[in-house]
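Visitor: Residue numbers (numbering that gives the first Met the number 0), protein chains in the order written: chain H, 0 to 368; chain U, 0 to 368; chain Y, 0 to 368.
It should be emphasised that the hints constitute simulated quantities derived from the structure, not laboratory data.
Just so it is clear, the structure is predicted and the values come from calculations on it, not from any experiment.
Beta carbons are placed, not taken as given, at the ideal position from N, Cα and C, and that holds for glycine.
One thing to keep in mind: the hints can contain errors.
[Unchecked claim] Pulled a few chain Y residues facing chain U out of the computed Cβ check, cut under 10 Å:
no., residue
1, Ile-29
2, Gly-309
3, His-313
[Claimed, not checked] With a straight-line Cα cutoff of 27 Å, these simulated DSSO-like cross-link-like pairs (lysine-lysine) come out:
no., chain 1, residue 1, chain 2, residue 2
4, H, Lys-364, U, Lys-357
5, Y, Lys-357, H, Lys-364
6, U, Lys-364, Y, Lys-357
7, H, Lys-357, U, Lys-60
8, H, Lys-364, Y, Lys-60
9, U, Lys-223, H, Lys-60
10, Y, Lys-60, H, Lys-357
11, U, Lys-357, Y, Lys-357
12, H, Lys-223, Y, Lys-60
13, H, Lys-364, U, Lys-60
14, Y, Lys-223, H, Lys-357
15, U, Lys-364, H, Lys-357
16, U, Lys-60, Y, Lys-357
17, U, Lys-364, Y, Lys-223
18, Y, Lys-60, U, Lys-357
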Amino acid sequence: MPVLLAPDQALSLPDLLSAANTVGLDYRLICSREDSMPMIAGIGSLLSAGAHEISFLSNPKLSSQLEASQAAAIILREQDWQAYQAADHSDAPAWCVVVCSQPYLMYALLAQWFDHHRVMGLSRGIHPTAVLAEDAQIGEGVSIGPFTVIEAGVRIGAGTRIGSGCSIGPGASIGRDGIVYARVTLYHNVTIGDRTILHSGVVLGADGFGLAPNPFGEAGAWAKIAQLGGVVLGDDVEIGANTTVDRGAIEDTVIGNGVKLDNQIMIGHNCRVGDHTAIAACVGIAGSTHIGQRCTIGGAALLSGHLVIGDDVHISGGTSVTSNVLEPGRYTGVFPFFRHDLWQRNAAVIAQLSQLRKRLRSLEKTDNT
Amino acid sequence: MPVLLAPDQALSLPDLLSAANTVGLDYRLICSREDSMPMIAGIGSLLSAGAHEISFLSNPKLSSQLEASQAAAIILREQDWQAYQAADHSDAPAWCVVVCSQPYLMYALLAQWFDHHRVMGLSRGIHPTAVLAEDAQIGEGVSIGPFTVIEAGVRIGAGTRIGSGCSIGPGASIGRDGIVYARVTLYHNVTIGDRTILHSGVVLGADGFGLAPNPFGEAGAWAKIAQLGGVVLGDDVEIGANTTVDRGAIEDTVIGNGVKLDNQIMIGHNCRVGDHTAIAACVGIAGSTHIGQRCTIGGAALLSGHLVIGDDVHISGGTSVTSNVLEPGRYTGVFPFFRHDLWQRNAAVIAQLSQLRKRLRSLEKTDNT
Amino acid sequence: MPVLLAPDQALSLPDLLSAANTVGLDYRLICSREDSMPMIAGIGSLLSAGAHEISFLSNPKLSSQLEASQAAAIILREQDWQAYQAADHSDAPAWCVVVCSQPYLMYALLAQWFDHHRVMGLSRGIHPTAVLAEDAQIGEGVSIGPFTVIEAGVRIGAGTRIGSGCSIGPGASIGRDGIVYARVTLYHNVTIGDRTILHSGVVLGADGFGLAPNPFGEAGAWAKIAQLGGVVLGDDVEIGANTTVDRGAIEDTVIGNGVKLDNQIMIGHNCRVGDHTAIAACVGIAGSTHIGQRCTIGGAALLSGHLVIGDDVHISGGTSVTSNVLEPGRYTGVFPFFRHDLWQRNAAVIAQLSQLRKRLRSLEKTDNT
């Protein structure tokens, strides 16, 4: 599992490999019964793949699973295949062998092929219930799902697919060959590059959290700072479910090319995220923080506002970053966890830490006298 | 408050108790005017319940509120009723007495009855604006709200209610007697058991965060690992508003029977959550982590990926779990909070902790010489 | 940038200032060519504003940017204008000068004017695809977007605008002059004051997380406590994208007047948030916690349940609050972050903290003997 194609859609192993191998990887096919290549309808792990599925060995530690695998074919490296043959197996394997220098990359290409096949099977065209402004510019081959609203001045590039129940605000622009899943909101004037993937529940361009004390209101009352900037996304960006990116106060909030954002991330107004930075789920980035290129930020990390994070910085999950980080490297600030009783004991000492240091200093003085 | 029934829908106290008491709890009814049982239209706390509402005493510490209560009836234990009578009250209470060994459970049954009554009053049937694929299999008594889209191959079990603006993707399956509130997304091939409750904004089956370095792209560019697995939910699962559960890479992401998830939780791809585990709001669980049965996880806790958490493990809110937890028990890792000035003093010492230990060791050596 | 008005909509500088200045701020206009006042179509920062945009100097540290600014007009304080003149500039500035005692407030008023202008340009009225219950009470000048569902008994005050794809549940009530963006859900009986702004993905009134052990189920099974209370919002509340506020168990969850909530906040059942309290993104507040007036809570802070937080309490971002905070002031509990290797060294010592204290005490005793 999963079986991804109906039986009559299954491809022969050589056909599938050549269809999926868009980058031209070298590989060699060894089947004991070369006259009858297996038909492949899906992809699975070594232990779950069945008679019409292909599998792969990318981690040599799992090579002990090869013998029992019921897969129709297995992708593995030359050295792993030789090691398998060198071991004492009673028979040649029932599975076909795909010897390849990069099994994980071949798997990734196959997975992309199967998913692309699924997407291509979805209905196309503009659903009759969709509401399109008269002046919207819709490119060739665009699909728009039921109950999606496309407001005035919107532009959508060729080949982009928009699911059901989306709201694309006035003046928004989406590049070509993108996928926007169901129930995504783009506020007015949000601009998105090519080949972007937006998952359900994404909200781009809601107002940033801009407040100032209201000198004419009750004590403590806030005045709203209207948010006039936009959100600009580069090409090849993917954004996970229920993630939000707020519009800028005056300037735009900017997400660079190739940036990957997981689910339930919050990116505040006027932030900038550099090209190819990847951010895991539940991260919060407060307003006006600028993050460099090729960074990674672990899940549920928190970045304060108005910070500068340089290129190639890696923040561990759960870390609260409260000051600039300009040097590349990995940064962490996670309080260790314990059995509850042990935690209580250690947490209590933390309240006395500066006292503890004083006592240590005073002892050191005594000792030196 | 809240008053839940219109005056002409109110039930007499004995009728309500017998209607709600689906599990057959023992109880005894004592009213000073037995000829005229009160009509009950709602439920309230001891101090807020009015002349047509029932209340309950489950925490004996609140028994001082009994005398002033304006409730029509109060559920309480035998011993609390006797203690009330033993105290020096001028008159018999104006409220009827429902003596019951489990007042909180009786309250829970009444609350369920009132809520069930509300749900039963909602409109039924398939709204004419809903878009249903021709081959969708819709069970008896199913309700589907306006602007909901049911894609090809979907199956929905008898009695399930789906709100407005939902998107149920191709091949998804929902069991019987479930409630899906407005604006829920199920991606393709998501499978859900019976009696499931999904709140607004839930997204099940968006792509997991699967990335690999792209050897053919710019420096730092990522290749997407297409996510081919599904999401499988057991029976009796409840999922809170805006929670997301991602689909697996190859295998499914699996949520067991009776699992309760609060709002804004993120469950990564290939996770497994065991039966009857309850997870509070804002928790993030990174990919491939397996959680046992009957666990509880407090709000905003964070679990790293590829972990194993055993059965009956209880994680305190706010804890970052970064390694396996195989033994049952309670685990905590929350940094204590302080007035800001005191925090600054202690946080500064943390940066010198390993130094501090060195100095202590060196003092100990001096002392021992 | 941003240019917010089409060229034919641009206002002359004096007209714009008097239109935006709703509170009657004093200001003085100085233009070198008073016969030809500039036409203003937008607003920008000192360095980004162009020939038809106004800018402002609120932070004197940026006064070095004045000379190079291409803005049509700049708002600044008397002392900053005099300092500019006192410096050795070859020419009078090309920009008009708006001398004003509160430049930031004048900017806020202008930004509000531009945003109000945008909103006023949106289409009005009730879209023909919206589904309205027959007994819904819709005030004068209300706008309702496509595919929005208004259930039985709903009341919407005059002038309120509701976007597309919203679900307004039975008995819900929204005050006047509010803005509800696309894809917002209000469950049944949620009540909202005047001038409220709700951003996309907000869910108000989903069930609180109420569970009790189910004595009739499997070991570990949970019984749902039906949530019968409501959610009540005061006037002038703003709620950010994908934030959720759960309904109360019996009593209501209450959000006071002027409260500002950022994105992806979770407020549990039966919480109360006092007037003018502002809460940054990703904060989680567990059930039944009461927060006072004029508090601020930083991003991703976590408040445990059943706490009391007094008035004028300020919680730093990332802090886990686990006990009552009754005294005004700022409170923090954030673990410092380090380069990963240094973190490892210090985190390891935390596991030995209580041991460390013991060793220190024993040394102190030795020393005193």
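Visitor: Indicate, hint by hint, whether the structure satisfies it.
Guide: Hints, one by one, checked against the model:
{"no.": "1", "hint": "Ile-29", "result": "violated (44 Å)"}
{"no.": "2", "hint": "Gly-309", "result": "violated (13 Å)"}
{"no.": "3", "hint": "His-313", "result": "holds (8 Å)"}
{"no.": "4", "hint": "H:Lys-364 / U:Lys-357", "result": "holds (16 Å)"}
{"no.": "5", "hint": "Y:Lys-357 / H:Lys-364", "result": "holds (19 Å)"}
{"no.": "6", "hint": "U:Lys-364 / Y:Lys-357", "result": "holds (16 Å)"}
{"no.": "7", "hint": "H:Lys-357 / U:Lys-60", "result": "violated (45 Å)"}
{"no.": "8", "hint": "H:Lys-364 / Y:Lys-60", "result": "violated (46 Å)"}
{"no.": "9", "hint": "U:Lys-223 / H:Lys-60", "result": "holds (24 Å)"}
{"no.": "10", "hint": "Y:Lys-60 / H:Lys-357", "result": "violated (40 Å)"}
{"no.": "11", "hint": "U:Lys-357 / Y:Lys-357", "result": "holds (15 Å)"}
{"no.": "12", "hint": "H:Lys-223 / Y:Lys-60", "result": "holds (24 Å)"}
{"no.": "13", "hint": "H:Lys-364 / U:Lys-60", "result": "violated (54 Å)"}
{"no.": "14", "hint": "Y:Lys-223 / H:Lys-357", "result": "violated (52 Å)"}
{"no.": "15", "hint": "U:Lys-364 / H:Lys-357", "result": "holds (19 Å)"}
{"no.": "16", "hint": "U:Lys-60 / Y:Lys-357", "result": "violated (40 Å)"}
{"no.": "17", "hint": "U:Lys-364 / Y:Lys-223", "result": "violated (60 Å)"}
{"no.": "18", "hint": "Y:Lys-60 / U:Lys-357", "result": "violated (45 Å)"}
Consistency with the previously given hints fails for numbers 1, 2, 7, 8, 10, 13, 14, 16, 17 and 18, ordered from lowest to highest.
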